[in-house]
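Work out the full structure: start from the sequences and follow the hints.
Number of protein chains: 2
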Amino acid sequence: MQAPVRAALKSIVGDAHYRDTDGDLVPFSRDATPLFSARPDAVVFPADTREVAAVLELATRHAVPVVPRGAGSNLCAATVALHGGIVLALTRLNRVLEIAPSELLARVQPGVTSAALADAAAREDLLWAPDPGSRTVATIGGTIATNAGGLRGLKYGVTRDYVLGLEAVLPTGEVIRTGGRLHKDVAGYDLTRLLTGSEGTLAVITEATLALRPAPRTSGTGVAYFADLATAGRAVDAIISDGVLPATLEFLDRSCIRAVEEFAGLDLRTDAGALLLFGDDGEPDSVARTMARMSDSCSARGALEVTTAARIAEAEALLAARRCTLPALSRLGALTILEDATVPRPRIAEMVERIDRIAERHDLTIATFGHAGDGNLHPTCVIGSRENTGAVARAEHAFGEIFSAALELGGTITGEHGVGAAKFPHLSAQLGPDQMSLLRRVKGAFDPAGILNPGKLGS
Amino acid sequence: MQAPVRAALKSIVGDAHYRDTDGDLVPFSRDATPLFSARPDAVVFPADTREVAAVLELATRHAVPVVPRGAGSNLCAATVALHGGIVLALTRLNRVLEIAPSELLARVQPGVTSAALADAAAREDLLWAPDPGSRTVATIGGTIATNAGGLRGLKYGVTRDYVLGLEAVLPTGEVIRTGGRLHKDVAGYDLTRLLTGSEGTLAVITEATLALRPAPRTSGTGVAYFADLATAGRAVDAIISDGVLPATLEFLDRSCIRAVEEFAGLDLRTDAGALLLFGDDGEPDSVARTMARMSDSCSARGALEVTTAARIAEAEALLAARRCTLPALSRLGALTILEDATVPRPRIAEMVERIDRIAERHDLTIATFGHAGDGNLHPTCVIGSRENTGAVARAEHAFGEIFSAALELGGTITGEHGVGAAKFPHLSAQLGPDQMSLLRRVKGAFDPAGILNPGKLGS
Chain A
1 MQAPVRAALK SIVGDAHYRD TDGDLVPFSR DATPLFSARP DAVVFPADTR
51 EVAAVLELAT RHAVPVVPRG AGSNLCAATV ALHGGIVLAL TRLNRVLEIA
101 PSELLARVQP GVTSAALADA AAREDLLWAP DPGSRTVATI GGTIATNAGG
151 LRGLKYGVTR DYVLGLEAVL PTGEVIRTGG RLHKDVAGYD LTRLLTGSEG
201 TLAVITEATL ALRPAPRTSG TGVAYFADLA TAGRAVDAII SDGVLPATLE
251 FLDRSCIRAV EEFAGLDLRT DAGALLLFGD DGEPDSVART MARMSDSCSA
301 RGALEVTTAA RIAEAEALLA ARRCTLPALS RLGALTILED ATVPRPRIAE
351 MVERIDRIAE RHDLTIATFG HAGDGNLHPT CVIGSRENTG AVARAEHAFG
401 EIFSAALELG GTITGEHGVG AAKFPHLSAQ LGPDQMSLLR RVKGAFDPAG
451 ILNPGKLGS
Chain B
1 MQAPVRAALK SIVGDAHYRD TDGDLVPFSR DATPLFSARP DAVVFPADTR
51 EVAAVLELAT RHAVPVVPRG AGSNLCAATV ALHGGIVLAL TRLNRVLEIA
101 PSELLARVQP GVTSAALADA AAREDLLWAP DPGSRTVATI GGTIATNAGG
151 LRGLKYGVTR DYVLGLEAVL PTGEVIRTGG RLHKDVAGYD LTRLLTGSEG
201 TLAVITEATL ALRPAPRTSG TGVAYFADLA TAGRAVDAII SDGVLPATLE
251 FLDRSCIRAV EEFAGLDLRT DAGALLLFGD DGEPDSVART MARMSDSCSA
301 RGALEVTTAA RIAEAEALLA ARRCTLPALS RLGALTILED ATVPRPRIAE
351 MVERIDRIAE RHDLTIATFG HAGDGNLHPT CVIGSRENTG AVARAEHAFG
401 EIFSAALELG GTITGEHGVG AAKFPHLSAQ LGPDQMSLLR RVKGAFDPAG
451 ILNPGKLGS
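Protein chains in written order, with this note's numbering: chain A, 1 to 459; chain B, 1 to 459.
Be a bit skeptical, because a hint or two may be false.
[What the hints assert, rightly or not] If the Cβ cut is set under 7 Å, some of the chain A residues that face chain B in the computed set are:
#: 1; residue: 147
#: 2; residue: 185
#: 3; residue: 286
#: 4; residue: 430
[Unchecked claim] Every beta carbon over 10 Å from chain B, so not counted as near; a handful from chain A, in silico:
#: 5; residue: 10
#: 6; residue: 32
#: 7; residue: 35
#: 8; residue: 39
#: 9; residue: 97
#: 10; residue: 122
#: 11; residue: 227
#: 12; residue: 237
#: 13; residue: 261
#: 14; residue: 262
#: 15; residue: 264
#: 16; residue: 285
#: 17; residue: 313
#: 18; residue: 335
#: 19; residue: 389
#: 20; residue: 405
Calculated directly from the structure, the hints in this document are not laboratory data. These numbers were taken from a predicted model, which means no experiment stands behind them. Backbone N, C-alpha and C define an ideal beta-carbon position, used for all residues, glycine too.
The following block contains the structure:
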């Protein structure tokens, strides 16, 4: 990057908010995705929309790549600066601007964390529903940019369902406002939803108006063990067929159960082939009813054991089993590759069987957990050492086969983590060449110079 | 339109499904929007996706406009062939292809009516949630193309929230498949939602995969009368603040109450300034509780009278009051112009006051009803005679002022009816010139020859 561009960046954001030493750039060369790293030329921390617009306008004029970034907690290498250039860190735009209980909405800057927004909403007895696993660190900007999911997707949907309006800066520097404060608004193309999930390739989000919900009064949690995932899958089908859309419906396969038990000592049944965590929230009588109905469905479909938590502490312990699955697996090796292929709900057991066979064929350890309610699986490969390049290469092959299997079963290569750089090579297998061309044309409509997050969606 | 194009159209769809006589074209010169009409050159009724693709490819090659059309029940002149050309009527693609209870989804062709889908879902104890007023005639293709709302928006959202995947034909003839059968799928830009609400200007929808919900076991309905809309508005705020998101929360202003009573004789209180219809659905005990809480909120905020329906027949009578508001108003004059400006919920009363003042200033009768839960208002102007060009011109001015007022209060020029040709002149006041340019570039990415529904969104 040329000296005049560096100087111009400094004058836009101020010297204190411009960094380009090696030491400064190291943490911005990676995100939470293993195996991907690339060094940007500089990192800038703008203070407001005006500075974001000035940086983008400069970057378009000089054809310098710009990678917008929140916490960098994504799992698809969406914020790795593949082509160098500027990392645009939005962490200084971190204010909750407004919580409006009478309109059930919040207005926030993109650098606010998901947990901070949830806390601000909770103080008004409101719920910020999207709850990605990374919620304590992930920013709302990144949550929107990846259309993040979470554990409550079946009942509460995904981030997209809660984005009412956006302020965003186009790569050419214009500031647009899409949507607004309304749940019903059909004036123009739905750019709000198009920007949601666009992974920083179309525009930079500088403010978001988000829908909140009344906070549920109570919640319940239970656990059921099954001999195998196929039986657990039939219990899930029975729950849904019974007309229940629960807040929580998570599963762990045999390997995950054992890893969690070794890690956290939660007295899980390690002889089981599958653990199903189920829960609901709402009014006390309604929660009691759905919990009973889910327990009954599990028992009727052959659960080895069904327990519901009588106290909050017990419920927290059960939820902890799911929340600590990834750390528990990570402990098994130096390198953990977490994926999120997704299939229609009735195909979960079949998909996990395929994953097990693929792992065996490639001599790999792949444990699978995920969201049973929406078919969103997280096959997780654990490799003993990062230097084991043979195993890393085998894992890459294995995941290629896993994505193909997901597509064969009517699924997707990514349910909630995103495409980024990590899955971009697999995207055309799902979308086909005509849609890939269309994505490039849509990208061109926003970003004529191709400066925003190049090498990813729309490339 | 030149003879070779006509001949090619006939060879694509077959002689029996091509029409171009004056008599044939009259019903396709209008939709449900008053004051707009334009004669197409031909109407074709394709049988399948392949024929749709052939028609579009031909039209792009010859630069002939194409207007996709379902039932033509939209209220924004979205299907009027402003520039002539081909009306592409999708009514022969009218099959429910699949109802999958275990996946809570339906797969349908675009010509299926909303009511037919709801009936097919109900046979499996499932709910198709979107319920636009035109549901008995409106097609699913049109419902998706306009992102239609309805009476249950506050609790159940709008059509967009239920579209999982689409098959669509680009104006250049390529067939794409967006999304799929999954609630979580972030592979690529969200073209599913971009096409939803694009009003037939980007692509032609030939198949849709739609989310269903478990059917609620029961429902309840009640009515409250208030001295004026401001008081009713405070009751609505109290209901929402109490943590209730009810299925129904509709209001009628004084003029609507009187028109409905004269039309249908339902024993409504014609001395009241506002009628609030409230209802919920779900499990019996939960419905009983929310109905009691909503009744209490209304009473506590000064309702003149609150009644809840004890029997289904009573509930139907109350709902009929709302469903027959438009026919009741239509009876007051030869020309009824129904609009749908929307404002944030706490601004409803203020907006209706402004509407009343605007109507008075222009010497017009404008009655307002709508969805109190989401601020979606339907100011409706009734004019005695279509030949009263002075009144028609005054109505156009008045609605211009109404849209400006909605924007001033943080609202939108259209909550659920769409932009079409009718509101296109007002769109830039809401979106601004930069976003209008962006819409044109997005349109260009899909439709390089500009053949799809010209003169509307993206023009």
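Review point. Does the structure break any of the earlier hints, and which numbers would those be?
Key: Result: hints 12 and 16 break, sorted rising.
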